[in-house]
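Using the sequences provided together with the hints, build the complete structure.
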Amino acid sequence: MKYTLSALGIVLLVLMAMLGALASLRGTLNADALALSEGSKSIDDASAEFKRGLKAVREAEAAGADRERTAILVERLNSVLGMIDEAESLLLKGNVTEADAIAYQTIDISKRIVLEAVELRDEASLRTYYEKIFTFGIVPVASLLLTLGAHFGWKWWRRHEIDRIMRMEKKKEPEEEK
Amino acid sequence: MRRLSEDMKRAVVIFISATIIFSMLAYIVVTPMPKEQFFQLYVLGETRMAERYYPDNSPNIPVGRLVKWYLGATNFMGSIQYVVIKVKLGNSTIEAPDHVNYMPSPAPVLLEFRRVLMDNETWDFPLAWMIGDVLEDGNMTYATLLVVNVDSGVEVRSGQVGALNGHNLRIIFELWTFDPVTENLIFGWRAGGERRVAWLQMWFNATKPLTS
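Going line by line, the protein sequences match chains Z and P.
With my numbering, letter number 76 in the first sequence gets 76, and the count goes up by one each step, no holes.
With my numbering, letter number 74 in the second sequence gets 1074, and the count goes up by one each step, no holes.
Derived by calculation from the structure, the hints in this document are not laboratory data.
It cannot be assumed that every hint is accurate.
For each label pair, taking beta carbons as the anchor points, the in silico distance ranges come out as [what the hints assert, rightly or not]: (1) Z:V118 - P:Y1027: 23 to 33 Å; (2) P:R1065 - Z:E123: 46 to 56 Å; (3) P:E1183 - Z:L12: 33 to 43 Å; (4) Z:E123 - P:V1063: 51 to 61 Å; (5) Z:K55 - P:P1055: 41 to 51 Å; (6) P:M1140 - Z:K93: 30 to 40 Å; (7) P:D1124 - Z:Q105: 22 to 32 Å.
Derived pair list, reagent style DSSO-like, types lysine-lysine, alpha-carbon separation capped at 30 Å [as the list claims (entries may be wrong)]: (8) Z:K55 - P:K1035; (9) P:K1068 - Z:K93; (10) Z:K132 - P:K1068; (11) Z:K170 - Z:K155; (12) P:K1009 - Z:K51.
Backbone N, C-alpha and C define an ideal beta-carbon position, used for all residues, glycine too.
The following block contains the structure:
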């Protein structure tokens, strides 16, 4: 009876230990899953912010922004893409902390890109607006200059022709000379 | 009412005509010329020309033999575009991309290359790959493909595909772009209300290494 109780106690202890181990493992797995999901969330946020940056740069380009300045922003968007790739790769390897850090870094870069692109877009919109006003504003000026040119040109040519006609002399024929 | 002199009438006619002509010119100047919008997608051999795609010009690739290609895309869309080239691994039975219904191939994606391209910008990069291993199971040969991208450091990706006797395996390249309307990546691109796609495939056979 004594031995049976001891055996039962050992079995119970082993069972408790197994349950404890399972709970601990489950906790670790949950923590890993949670960390992975957080890492993947930060990458999703980074991708969403990248899309915002891309949209802003495209708007700046459509507004007529300078190609060189747009190219600089595009280059930075490409560096964001490279960093997101790196973060994804780190996440696959299980390095959640570093993946998160890189993802948050790209979010900051993308936000700065959005700000600069908006500034560039506003600048370009204003410049394009003034360029259009200037282009269409010059139309009546050019027309007036052309009209004045044609008017005074015509007058000069007419006076020149009248003078030429008035200065004309009748040519004497050889027989008359004799 | 005073009648206009002949000179004045002529001046008014010239002014109106000149205004019409110059307005048309101004409109042409401020309006961008419409042009055909498209992408170019290409694969070049190891010499960066459309030749020597396979070692010894044979599509029978032995295990461990490095094959080097250059993949490229050019943006002729007239604006900045976000481009993704998906590299897929398939055999002869897997469906190819459908250019009528704009459906991509269901083959598994081996890796993706992403880049934002300026208008008229060409992007090309090396793609080096090899067959890492072949596994024979009856008539079927399963090839494990390793992609070793040497563009920026070394990045190894692998995928497995099976084919009868290891024949007619293929690598499919699909061009995906960011659609500003849906704000998602789509296979191909939209141009003036139309949808178009671009994809390429390179066939090869997996062979066992020669035993000496």
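Run the structure past the numbered hints and jot down the numbers of the failing ones, going up.
3, 10, 12
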